[in-house]
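Below, each chain spelled out in residue letters.
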Amino acid sequence: MSSSTSSSKDAPSSDNGNANQVRPWSILLFFLLALAAWEGAIRAGLVPASHGIHQREDNLIRAESYLKRPEGADQVYLGSSLTVRLPTTDLGTRAFNLAFAGEGVFTGLAIVERDLRKPRTICVEMGHTLIRPESDELVASLFGPEGVVRQYLSCMERRYQPVSVLTAAYSRYRDSLAGPAKPVSPKTQAMRDARLAKAVAAAGERYKAPLDEKRGTAIKAAALSLRERLKILRTAGNCVVLYRLPSSEPADAGHFHQDVQRIYDEVFPQAEWFWVMPPKDQAWTTSDGEHLDEPSAKRMAAFLQESAQALESR
Amino acid sequence: MKWRFYINTNFLAATALYSTPVILLHLLHLPALESFRKRWMASYPWSQDIVYGLMLCALVINRGSSSEFIYFQF
Chain A
1061 MSSSTSSSKD APSSDNGNAN QVRPWSILLF FLLALAAWEG AIRAGLVPAS
1111 HGIHQREDNL IRAESYLKRP EGADQVYLGS SLTVRLPTTD LGTRAFNLAF
1161 AGEGVFTGLA IVERDLRKPR TICVEMGHTL IRPESDELVA SLFGPEGVVR
1211 QYLSCMERRY QPVSVLTAAY SRYRDSLAGP AKPVSPKTQA MRDARLAKAV
1261 AAAGERYKAP LDEKRGTAIK AAALSLRERL KILRTAGNCV VLYRLPSSEP
1311 ADAGHFHQDV QRIYDEVFPQ AEWFWVMPPK DQAWTTSDGE HLDEPSAKRM
1361 AAFLQESAQA LESR
Chain B
328 MKWRFYINTN FLAATALYST PVILLHLLHL PALESFRKRW MASYPWSQDI
378 VYGLMLCALV INRGSSSEFI YFQF
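Residue numbers (this note's numbering), protein chains in the order written: chain A, 1061 to 1374; chain B, 328 to 401.
Warning: the hint list may mix true and false statements.
To be verified - Computed from the model, here is a short list of chain A residues facing chain B with C-beta under 8 Å: (1) R1083; (2) F1090; (3) W1098; (4) I1102; (5) V1223; (6) M1251; (7) R1255.
Claimed, not checked - Label-pair distances were calculated between CB atoms; the ranges are: (8) E1173/A / Y345/B: 48 to 58 Å; (9) P1246/A / F363/B: 41 to 51 Å; (10) L354/B / P1355/A: 35 to 45 Å; (11) S374/B / S1245/A: 26 to 36 Å; (12) P1355/A / R364/B: 32 to 42 Å.
It should be emphasised that the hints constitute simulated quantities derived from the structure, not laboratory data.
Computed from a prediction, not measured in an experiment: that's the story for all the values here.
No residue lacks a Cβ here, since even glycine has one placed at the ideal position from N, Cα and C.
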């Protein structure tokens, strides 16, 4: 504010008299009025929440929403983009999907650990993304002074940022202009199928080779660290469920995933930990060779919900 | 349309929205609008306070993360 005052005074072409004078108290008053108007609009339900413009913002919105989750949401899913695909509606009304695209389990776990309201059940994705470190920046932004303000003022939440809200509104308007989805032409469908087949083959190739020693050591170290942190939560009375998500058949059949699972079996023996493995009698389809497509993600989410519920009551 | 596959219109819309205050500020200082701006400011001096208040509010509620820093110089 002070810089704008001095620049106005220094500018040779500034207006005469009091017209161009900066009045801090008046500006502060209008600032507070605008803030109160936005907060009021949100509380009145006039501002639809946005999902974020990009992946990072989507992650932040997800994390902020977790801290403001309703009282009954006492089952949380931690993981990477593989888990992000699982629809919350199919995970059940008690579930909150706290998985982050581009991140691993540790980011979600750090949020669960620091939040005072602990969920009853913590479901943890066990995949090769476990080696991804915790995102300090994301976690710090939730629990700093800004996080405290956000607890009381909805207008400080990212999902209500005017730019994101307006961009989402523009997106909806654009979709409404486009009308209902047109049937896909056979030519386009053939192109899509060919692209998917190529991606599935590439994923199969990527995970065909056995796990190299360096990565294996890193995954084991991450698994050991995770075990210690999960043990603390379990001792505090939380139910911990570990799960593996399927991907495309060639990728799952490769040595890589089997080697990773061998490490997890060693660190988290099935006799001591609750495990949920994807049912082998079902076929799973993906959108890119790794991430489940919508129908498969819905089926897997429903299966996880049933399994987690059964394990909870043990 | 094919161009939609290559251009992320959501990003463009967001960038346009973020840039609006800067564009408006520069437009108001165009020589053609200079006399209008001066007359307006003389009649409604508090309108500047409203604009500054709104911009301050927009800055606070549209903030990025604490590690991001974008420098603008006018």
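A quick look at each hint next to the structure:
1. Checking R1083/A against chain B: minimum C-beta separation of about 6 Å stays under 8 Å; hint holds.
2. For F1090/A, the suggested interface contact is upheld, since its CB lies about 3 Å from the closest CB of chain B, less than 8 Å.
3. Taken as an interface hint, W1098/A checks out: its beta carbon lies about 6 Å from the nearest beta carbon of chain B, inside 8 Å.
4. Checking I1102/A against chain B by beta carbon gives a least distance of about 10 Å; that is not within 8 Å, so the hint is violated.
5. Look at V1223/A: its Cβ gets to within about 5 Å of chain B, closer than 8 Å, so that hint holds up.
6. Annotation: interface hint on M1251/A violated; nearest CB of chain B at approximately 12 Å, more than 8 Å.
7. Contact between R1255/A and chain B, as hinted, is not supported at the beta carbon level, the nearest pair being about 13 Å apart and thus beyond 8 Å.
8. Take E1173/A and Y345/B: their Cβ atoms lie about 35 Å apart, and the range 48 to 58 Å is violated.
9. Range check, P1246/A to F363/B: Cβ separation about 59 Å, and the 41 to 51 Å hint is violated.
10. Distance hint check: the CB atoms of L354/B and P1355/A are about 51 Å apart, inconsistent with the given range 35 to 45 Å.
11. Restraint check, S374/B to S1245/A: a C-beta distance of roughly 55 Å breaks the suggested window 26 to 36 Å.
12. A beta carbon spacing of about 59 Å between P1355/A and R364/B contradicts the range 32 to 42 Å that was offered as a hint.
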